[in-house]
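Asker: What follows is the residue order along each chain.
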Amino acid sequence: SQTIHQWPATLVQPVGSPLSLECTVEGTSNPNLYWYRQAAGRGLQLLFYSVGIGQISSEVPQNLSASRPQDRQFILSSKKLLLSDSGFYLCAWNSGQGVVNTEAFFGQGTRLTVV
Amino acid sequence: AQSVAQPEDQVNVAEGNPLTVKCTYSVSGNPYLFWYVQYPNRGLQFLLKYITGDNLVKGSYGFEAEFNKSQTSFHLKKPSALVSDSALYFCAVRARMDSSYKLIFGSGTRLLVRP
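Chains as they are written, first to last, in my numbering: chain A, 1 to 115; chain B, 1 to 115.
Source of the hints: derived by calculation from the structure; they are not laboratory data.
Ideal Cβ positions, reconstructed from N, Cα and C, are used throughout, including at glycine.
Footprint (simulated), chain B over chain A, 3 or more residues, beta carbon under 8 angstroms:
| # | segment |
| --- | --- |
| 1 | 43-51 |
| 2 | 106-115 |
With the Cβ distance kept under 10 angstroms, some of the chain A side facing chain B (calculated, not the full set):
| # | residue |
| --- | --- |
| 3 | I4 |
| 4 | Q6 |
| 5 | T10 |
| 6 | Y36 |
| 7 | E59 |
| 8 | L90 |
| 9 | C91 |
| 10 | A92 |
| 11 | E103 |
If you anchor each label on the Cβ, the simulated ranges turn out as follows:
| # | chain 1 | residue 1 | chain 2 | residue 2 | range |
| --- | --- | --- | --- | --- | --- |
| 12 | A | E59 | B | N68 | 26 to 32 angstroms |
| 13 | A | P61 | B | L56 | 37 to 43 angstroms |
| 14 | A | S20 | B | A14 | 42 to 48 angstroms |
Isolated chain A, as found in the complex (with noise of 0.2 angstroms):
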């Protein structure tokens, strides 16, 4: 069966400082993988997502970046984090394998708290 991981579960992060968010998914190869950031416990915004290695499409303008140097790993990042960037971060995955009506499995989330 499919299983995604995600850590940490909860990050405080000085401003400035640099921030990786990981993301891997089990049980599966060539899956769509999706970065999601939660405001305020309400609505979801996405961020990144991506169909394959190394390919990463960005949402909406931020201080924030995605990689995904392998087929079931994602990684979010920044250089250097804005008080603004707090919020709880999801990873998400669905089938890549042409049947992209299928639903989407989610990470337990990351809490992001920049002090």
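Dock chain B against the given chain A, drawing on the hints supplied.
Answerer: Leaving out everything else, chain B in the frame of chain A:
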């Protein structure tokens, strides 16, 4: 533009009573629709989806949703609410992006089931 609307920020219902959480959508082509539930500080869990076929879709934990093409709605329902159903609920629609698809989420509806 492709979008999802959840018009209610919060729905309150007494335990044992039926519940409805509303969702309307705007999408080009055939809609692929999803419902997710989120418990505090957790990722989203998939509940059910409509792809094609019967307009009444049954999902996890006794939830069901009714697809109504003429009203462009996909309301989530449950015949008898439980206190443990209290959570944040998201409706989502599949939207075309470049050569793949993404899920667009509504703003979420908080369900509160009182004993």
